[in-house]
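Asks: For this one, chain A is given, so just place chain B on it according to the hints.
Residues per chain are reported as follows:
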Amino acid sequence: MGDGVEDRVDELEEMARLCRIDIVKMTNAAGAGHPGGSLSAIDCMVALYGTSLRFDTNNPNWEDRDRFIMSKGHASPAMYAILHQMGVLEEQDLLGFRTLGSVCQGHVDMNWTKGVDFSAGSLGMGLSFGLGCALSARMDSSERSIWVMLGDGETQEGQVWEAAMAANFHNATNLRVIVDRNRIQNDDFMEFQMEIGDIGEKFASFGWDVREVDGHDMPALVEVFRWADSSDEGPIAIIANTTKGKGVSFMEDNPSFHGKAPDNEELSIALEELS
Amino acid sequence: MSEPSDEGASRDGYGKALLRLADDPRVVVLEADLGKSTKSCHFREQFPERTVSMGIAEQNMMLVAAGMASSGKIPFAGTFAIFTERAFEQVRNGIARPGLQVHICGSHGGIHTGSDGSSAQTVEDLAIYRSIPKMTVIHPCDDLSAEELTFQLLDLEGPSYMRTARNKVSRMYDEESKLDLRIGTGSVLKEGNDVAIISCGVMVELAREAASSLSEEGIECTVVDMHTIKPLDKDLLARLSEQCGCFVSAEDHSVIGGLGGAVAEWLSSNNPIPLEMVGVKDRFGESGGTSELMVEIGLTSEAICEAVRKCVDRKNAA
Numbered sequence: 001m002g003d004g005v006e007d008r009v010d011e012l013e014e015m016a017r018l019c020r021i022d023i024v025k026m027t028n029a030a031g032a033g034h035p036g037g038s039l040s041a042i043d044c045m046v047a048l049y050g051t052s053l054r055f056d057t058n059n060p061n062w063e064d065r066d067r068f069i070m071s072k073g074h075a076s077p078a079m080y081a082i083l084h085q086m087g088v089l090e091e092q093d094l095l096g097f098r099t100l101g102s103v104c105q106g107h108v109d110m111n112w113t114k115g116v117d118f119s120a121g122s123l124g125m126g127l128s129f130g131l132g133c134a135l136s137a138r139m140d141s142s143e144r145s146i147w148v149m150l151g152d153g154e155t156q157e158g159q160v161w162e163a164a165m166a167a168n169f170h171n172a173t174n175l176r177v178i179v180d181r182n183r184i185q186n187d188d189f190m191e192f193q194m195e196i197g198d199i200g201e202k203f204a205s206f207g208w209d210v211r212e213v214d215g216h217d218m219p220a221l222v223e224v225f226r227w228a229d230s231s232d233e234g235p236i237a238i239i240a241n242t243t244k245g246k247g248v249s250f251m252e253d254n255p256s257f258h259g260k261a262p263d264n265e266e267l268s269i270a271l272e273e274l275s
Numbered sequence: 001m002s003e004p005s006d007e008g009a010s011r012d013g014y015g016k017a018l019l020r021l022a023d024d025p026r027v028v029v030l031e032a033d034l035g036k037s038t039k040s041c042h043f044r045e046q047f048p049e050r051t052v053s054m055g056i057a058e059q060n061m062m063l064v065a066a067g068m069a070s071s072g073k074i075p076f077a078g079t080f081a082i083f084t085e086r087a088f089e090q091v092r093n094g095i096a097r098p099g100l101q102v103h104i105c106g107s108h109g110g111i112h113t114g115s116d117g118s119s120a121q122t123v124e125d126l127a128i129y130r131s132i133p134k135m136t137v138i139h140p141c142d143d144l145s146a147e148e149l150t151f152q153l154l155d156l157e158g159p160s161y162m163r164t165a166r167n168k169v170s171r172m173y174d175e176e177s178k179l180d181l182r183i184g185t186g187s188v189l190k191e192g193n194d195v196a197i198i199s200c201g202v203m204v205e206l207a208r209e210a211a212s213s214l215s216e217e218g219i220e221c222t223v224v225d226m227h228t229i230k231p232l233d234k235d236l237l238a239r240l241s242e243q244c245g246c247f248v249s250a251e252d253h254s255v256i257g258g259l260g261g262a263v264a265e266w267l268s269s270n271n272p273i274p275l276e277m278v279g280v281k282d283r284f285g286e287s288g289g290t291s292e293l294m295v296e297i298g299l300t301s302e303a304i305c306e307a308v309r310k311c312v313d314r315k316n317a318a
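If you read the sequences in order, they're chains A and B. Quick note on our numbering: the first sequence kicks off at 1 and runs consecutively. Quick note on our numbering: the second sequence kicks off at 1 and runs consecutively.
Chain A with its partners taken away, still in its complex shape:
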């Protein structure tokens, strides 16, 4: 890698650990939420926010920031954890997750939370929104990049492929997608619900530039984001192979923790494992 990024890997891995603690704590406090898909996505998000994304923590609504569109909006705990670790949200905000009046709404919401660029909660819409941001950036001759985080189950929505088609047609080289390929959706493993097969190949067939990466290998993630930043080609899709619930043994690869919060006993075990 070079450029001292090796030194930063330890720092990023520590940030990811702290984010995981935030995720289990806030879902436990709320007694609800989606820890599984938050834990699978968090390493990608830490690597992106920690190295590549142009984002001013003192001015989260900076007009020319890169955009991060959390299309899998149920993984809101991951978003709030990142914003907490970057100093945009307070721990108290996280503990109010899903309660009346909280800045941490159940699904990410751009009108409620500083630093959130998209109001999600209905799957399949974020890539289209990101394309709109990307086309606007180009009209404004802005260098900003648009990143969209999709769930793999989410790619079952037809609108994702409408957007994939349109992004290539409009040559949106500033649009980048991360697919959190954790192979589990709400009800069960995708292979039993609706297996979509090789997602990377599908994006490639729509004319996208595709890379696959281990979504929990921090040096590999830093590398792939560096490659994306240096690329003039695109749009770019990064298929991140991940484990749902990563980092908490009893949540790993367990469909029942898609949309279930840890109880107090489970929280203690999780915190011990993450310590």
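Simulated from the structure, these hints should not be mistaken for laboratory data. Keep in mind it's a predicted model, so treat the numbers as computed, not measured. Hints should not be assumed to be uniformly reliable.
[Said to hold, decoys possible] Here are the computed lysine to any residue pairs in the SDA-like style, where the Cα-Cα straight-line distance is at most 20 Å:
{"id": "1", "chain 1": "A", "residue 1": "114", "chain 2": "B", "residue 2": "72"}
{"id": "2", "chain 1": "A", "residue 1": "114", "chain 2": "A", "residue 2": "141"}
{"id": "3", "chain 1": "B", "residue 1": "168", "chain 2": "B", "residue 2": "282"}
{"id": "4", "chain 1": "B", "residue 1": "134", "chain 2": "A", "residue 2": "86"}
{"id": "5", "chain 1": "B", "residue 1": "190", "chain 2": "A", "residue 2": "122"}
{"id": "6", "chain 1": "B", "residue 1": "134", "chain 2": "A", "residue 2": "111"}
{"id": "7", "chain 1": "B", "residue 1": "134", "chain 2": "A", "residue 2": "121"}
Replies: Showing chain B alone in chain A's frame:
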């Protein structure tokens, strides 16, 4: 653009307004392979760099428009009225909920569309968009009012839905009187004290015709072009409910949930005077020429006259 005439289709007014709006660099236009029909094609011809073709993919179009609005653009996204409904949840969750200033135009709405048949004849769009928080819902009656009201959308905060019609109708306004129009304010075309006909879209012309023939019977009607269905001009309804004592609504739309529904909601809570509704009676349309279809469905000036007579009788019996 059309030659000067006494007639105009509201979709032509929309197309003309987009050209005027182009002076604002934030304005962008999105099309879903129906620009020649919605009339955004004229904008595309002159401003191709600010026109985005989305192909036949309305759900994507709505969220691309939302993303552009979040980045400081003012998108005007158009397709057939019926196909905006395909993206209803996208409009609800992706545009209206975050309150993004996206202006949706649904052309070819209503039975008046004609021979394309029931798949295109939207009769529920005003109802469903009216039910979404933060949405402004507009249905102009001719090309000149459509042009003026579309132009005013530039200064509207939040999202809007405008239904335009395919076919030409008699103009209710001229170049001067159109300038008095305001989004959210009903336009009184004629004053009378016996009944108020609250109409929108292509039914405004028929309401005025009905008022003329009713005048010969000694019934004097107020005729309102209620081009803005939401927010409804409640001050005007309050004044007219006192002045006239009974209302008839007239719309090329289902009697469920549209203009008549909105008026009924207001009346029931504020001044429960008699109301008769002229509209599509919970049915789909069919193919046919526009004029024969309007008779078949019951959207005629005679239907308005009958509703007025019935309503005035109810008022007098009370």
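Asks: When you check the alpha-carbon spacing of residue 114 of chain A and residue 72 of chain B, does it fall within 20 Å?
Replies: 17 Å, holds
Asks: Does residue 121 of chain A sit within 20 Å of residue 134 of chain B, going by the straight-line distance between their CA atoms?
Replies: 19 Å, holds
Asks: So if I understand the rule, the pair passes when the alpha-carbon distance is 20 Å or less; does residue 168 of chain B with residue 282 of chain B pass?
Replies: 25 Å, violated
Asks: Starting from residue 134 of chain B, check that the Cα of residue 111 of chain A is at most 20 Å away, please.
Replies: With Cα atoms ~14 Å apart, residue 134 of chain B and residue 111 of chain A stay inside 20 Å; holds.
Asks: Checking one constraint from the list: CA of residue 114 of chain A to CA of residue 141 of chain A, max 20 Å. Satisfied?
Replies: Violated, because 25 Å separates the two Cα atoms, which is more than 20 Å.
Asks: Hint check: residue 190 of chain B vs residue 122 of chain A, CA-CA at most 20 Å. Holds or violated?
Replies: 47 Å, violated
Asks: Would the hint linking residue 134 of chain B and residue 86 of chain A be met if the CA-CA limit is 20 Å?
Replies: 33 Å, violated
Of the numbered hints given earlier, the model fails hints 2, 3, 4 and 5; all others are met.
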